[in-house]
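Each chain sits in its own coordinate frame; assemble them with the hints.
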Amino acid sequence: MKKTVEIPLGSQHISLLEPIRFRFHCENEVIRDVDADVGFVHRGVEEACASRFEFKQVGYVVARVCGLCAITHSLGYTLAVEKLLHVSTNERIKYLRMLMVELDRIHSHMLCLAHTSENAGFEALFMQIMNDRELIMDVQEALSGNRVQFDYISIGGVNRDLSVEAAALVLRNLALLEPKIDELFERFTNNWSLSLKYRGIGALSLEQAYMYNTLGPLARAAGLVTDVRLETDDFPYAQVGFEIITERGGDIYARNLVRLRELKQSMQMVRNIVEGLPEGAIQEKTKGKPEGEAIARVEAPRGELMYLVRGNKTSILERVRIKTPTFSGIPAMIEIFKGSNFADAPAILASFDPCMSCTAK
Amino acid sequence: MLNAFIQALKNLVSKPVTLQYPLAQDIVLPPQYRGLIEYSAEDCIFCDKCEHACPPRAIIFFQEENGDKVYRYNPHLCIYCGECVRACPKPEEALWQSEKKQPFAVRAENVNSEWKVWEERCHSSREAFAAAKKAKKAAKAQSESVQGDL
Numbered sequence: 001m002k003k004t005v006e007i008p009l010g011s012q013h014i015s016l017l018e019p020i021r022f023r024f025h026c027e028n029e030v031i032r033d034v035d036a037d038v039g040f041v042h043r044g045v046e047e048a049c050a051s052r053f054e055f056k057q058v059g060y061v062v063a064r065v066c067g068l069c070a071i072t073h074s075l076g077y078t079l080a081v082e083k084l085l086h087v088s089t090n091e092r093i094k095y096l097r098m099l100m101v102e103l104d105r106i107h108s109h110m111l112c113l114a115h116t117s118e119n120a121g122f123e124a125l126f127m128q129i130m131n132d133r134e135l136i137m138d139v140q141e142a143l144s145g146n147r148v149q150f151d152y153i154s155i156g157g158v159n160r161d162l163s164v165e166a167a168a169l170v171l172r173n174l175a176l177l178e179p180k181i182d183e184l185f186e187r188f189t190n191n192w193s194l195s196l197k198y199r200g201i202g203a204l205s206l207e208q209a210y211m212y213n214t215l216g217p218l219a220r221a222a223g224l225v226t227d228v229r230l231e232t233d234d235f236p237y238a239q240v241g242f243e244i245i246t247e248r249g250g251d252i253y254a255r256n257l258v259r260l261r262e263l264k265q266s267m268q269m270v271r272n273i274v275e276g277l278p279e280g281a282i283q284e285k286t287k288g289k290p291e292g293e294a295i296a297r298v299e300a301p302r303g304e305l306m307y308l309v310r311g312n313k314t315s316i317l318e319r320v321r322i323k324t325p326t327f328s329g330i331p332a333m334i335e336i337f338k339g340s341n342f343a344d345a346p347a348i349l350a351s352f353d354p355c356m357s358c359t360a361k
Numbered sequence: 001m002l003n004a005f006i007q008a009l010k011n012l013v014s015k016p017v018t019l020q021y022p023l024a025q026d027i028v029l030p031p032q033y034r035g036l037i038e039y040s041a042e043d044c045i046f047c048d049k050c051e052h053a054c055p056p057r058a059i060i061f062f063q064e065e066n067g068d069k070v071y072r073y074n075p076h077l078c079i080y081c082g083e084c085v086r087a088c089p090k091p092e093e094a095l096w097q098s099e100k101k102q103p104f105a106v107r108a109e110n111v112n113s114e115w116k117v118w119e120e121r122c123h124s125s126r127e128a129f130a131a132a133k134k135a136k137k138a139a140k141a142q143s144e145s146v147q148g149d150l
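Protein sequence lines, in the order shown, are assigned to chains A and B.
Quick note, the first sequence lines up with residues 1 to 361 if you use this note's numbering.
Quick note, the second sequence lines up with residues 1 to 150 if you use this note's numbering.
Worth flagging that the hints you see were computed from the coordinates, not collected in a lab.
Taking CB as the label site, the calculated pair distances span:
{"no.": "1", "chain 1": "B", "residue 1": "E99", "chain 2": "A", "residue 2": "E134", "range": "17 to 27 angstroms"}
{"no.": "2", "chain 1": "B", "residue 1": "E99", "chain 2": "A", "residue 2": "M127", "range": "28 to 38 angstroms"}
{"no.": "3", "chain 1": "B", "residue 1": "K101", "chain 2": "A", "residue 2": "H42", "range": "26 to 36 angstroms"}
{"no.": "4", "chain 1": "A", "residue 1": "S163", "chain 2": "B", "residue 2": "E38", "range": "18 to 28 angstroms"}
Every beta carbon over 10 angstroms from chain B, so not counted as near; a handful from chain A, in silico:
{"no.": "5", "residue": "S15"}
{"no.": "6", "residue": "R271"}
{"no.": "7", "residue": "E284"}
Heads up, simulated DSS-like pairs for lysine-lysine below, C-alpha to C-alpha not over 27 angstroms straight-line:
{"no.": "8", "chain 1": "A", "residue 1": "K285", "chain 2": "B", "residue 2": "K49"}
{"no.": "9", "chain 1": "A", "residue 1": "K180", "chain 2": "B", "residue 2": "K10"}
{"no.": "10", "chain 1": "B", "residue 1": "K90", "chain 2": "A", "residue 2": "K285"}
{"no.": "11", "chain 1": "B", "residue 1": "K100", "chain 2": "A", "residue 2": "K56"}
{"no.": "12", "chain 1": "A", "residue 1": "K287", "chain 2": "B", "residue 2": "K90"}
{"no.": "13", "chain 1": "A", "residue 1": "K338", "chain 2": "A", "residue 2": "K197"}
{"no.": "14", "chain 1": "A", "residue 1": "K83", "chain 2": "B", "residue 2": "K49"}
{"no.": "15", "chain 1": "A", "residue 1": "K180", "chain 2": "B", "residue 2": "K15"}
{"no.": "16", "chain 1": "A", "residue 1": "K289", "chain 2": "B", "residue 2": "K49"}
{"no.": "17", "chain 1": "A", "residue 1": "K289", "chain 2": "A", "residue 2": "K313"}
{"no.": "18", "chain 1": "B", "residue 1": "K90", "chain 2": "A", "residue 2": "K56"}
{"no.": "19", "chain 1": "B", "residue 1": "K101", "chain 2": "A", "residue 2": "K56"}
Note that the Cβ used here is the ideal one computed from N, Cα and C, for glycine as well.
Bound conformation, chain B alone (with noise of 0.2 angstroms):
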């Protein structure tokens, strides 16, 4: 019963515990915290292997119809596990985890829907690409199998 009377007087005259966020102190993220994924475009070698260990599918690539490929990453979407920079054959080069915090989504931003339609296009550009390079090595081989008639 005295300790308790003891420790209500401490704690009336002691600070509080709990801080005013903004106000008072930043938000410190502590050393190798698993933040944002970055890419680098010039080391990358295309192999895809990050596309297919995401578990979210947070990273897709877009094929362009020239055979180039632009990475494309959703952070929203990411859960920062760090799979695909282990599967990277390539890690720290082309593509590293970082130590940043992920950025708010804004509805404004319109973030959701966006990647759906990303997610949309990035598929049907690699299907269009596989069907015009299907397309393309059929017309060869015809040629060939005419030149060969002929």
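Chain A with its partners taken away, still in its complex shape (with noise of 0.2 angstroms):
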């Protein structure tokens, strides 16, 4: 007779941001296999950006594979596309883009914090964090002109300049969020129902972390240490006070407290990008057609997002290839999955905060 017990969730489930179906074969309350398909929102972007669109237009197209970290999707593809064209950016154009990428992380962070309160059964700091979060939008809106999507970076530079009023409103609002920011810590430490009786549970070991090749807070939470920012010298992060942030444990509780000190950090950085910006074009001059192949690598909120761009000298691109941190992380939690409580399966996701735009493209 068999033992387990099939039970599926999703592709539609309250406690899912995005369509991802599960199915869990359980013995009484022990997960112990797991399937996942993840792609019901395919939208054949890759394909798209290799026919349907000129290069300089892909930029924008990349924007609308995920609205959450649009401006990491767009600055990969134009970080890939600027190496074929040898195009170097002045020092300017680096910081306003290091500025919108870890705004992006601020309320990327943040969504998942309210998601996984939300997942925890606490409703109103969801919608408490939710609130405060529009802090950022408001700043991100002031600073491109759109909520979601930015359209901020173009191959070349940056669309718009940091104007004296948004630099102040930035500053302000970053002031704002900061006592915000420190209650939030107090939370997500000291409250039963999200710190404690997260210890433990959906846990990663580091050589667990290491094997499933995880990526991004999920690495980090588990004491690996990876980031994009640090592993590249696209952009001079160290300059405006970047530190790799790592936890151990590798369960729920580290992964919040990695994500909330990436916001303490992030909102630093910010702070150190407004005040110390240096003076320069926004846009440089480019030329031709790109020929050969290139790769980009940028840290996007939920870990490393990678670009294959491969061009012909033609103004259609022969291919884009885009390679997603959720992607690289399904192995993990599925892994993850495996012996704990079914109870606990959606704390769990939204503690990977999965992103299946981004996944499924």
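The following block contains the structure:
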């Protein structure tokens, strides 16, 4: 007789932000095996980039892959194409790009924390974090002209300069957000339903993190030192005070802490960028068509985002390959599910912060 | 525990954070909002650069038989990236990005299929014009060669 019971989760479920389907094979309360299907939001972006759109337009197409990390997608693509066109950008452009990426990280991490607390049954905290997140959304709207689709980065530079009023707004909103993040620290470390309940749940050991090639906050919570900001020199992260943040344990609690500490650090980095913005033009001259193959890596809020671009000296690219952080995290996710309680599955899932539209493209 | 109790009492008497949207407040667009693309036919030099730059192809020119071009723009297809304005040789005069919000697409206006018909007509008008020009050129070349023979 079969011992396990099959329980589906998704593709539509109350604890999911985006469609993903799991099929849990449970023995009583314990999950023994998991099947995952992630392809519900496939839109054929990679094919469209290499057939319908010219290389100058593709930056705006890949920005539509994901609503949360739109800026990192356009940045990854732009960096790869700039390598092919042999364009080097000045310091001001680099700083402005970093500014947007860090703001993006702040609001993405806040969304994840809100979602984690919601799945812990803490709906009021979810509302509160989402309300505080609006401060950052307002800043991004003032900087780029739109709340979600920033369209801020173009090949050779950025589309808008940082005005004096916008810089003042950034500093003001960060000052408003700072005490709220401190309060969140308290909530996530001392509140029973957010911290103690989740200690040791969904734990990923350092060896497992290394073996399953996990990325981003997930790996850093397990103690694995991996961060593209540290590994590449596309951006002067050391100048704005970047230091790698790692935690031990790799459970839901550690992941929350890594995100909270990264929030604080990103806020400090945004402040440093705004205060120490170098002078220069915001657009460099570009000419020619992309030829050859280039890879660009960017640290998205969820981990390493990799772009491979291949061109053949025409305006239509030959290949655009996007490797997203969630895609790399799925093997680890399946491994963590095995052996944990079924009741913890939504909380584990939320702590992974999966982005399905990135994964399925 | 005491803090939570005090907070709960405070929340009981404080006003709700959310507002009834159309009744209490209007949406205020921030300054420098990326809104509708606006166009002035008087200043346009009809270089077609905006049409080539537009990622979703929301700008198309219709070609009249006498050589004039007519600008056509679909605000529902536009992604408001502003790439057309950056491509324009006369930005702020011929083509600029306003701070106006886009109009709502109403089903009765039939925006999608109407635009597809427009798009088709614009393309065929361009092809017809190019073919007519080619035929004219060929006829001219032929007449010139005939004249040369004479």
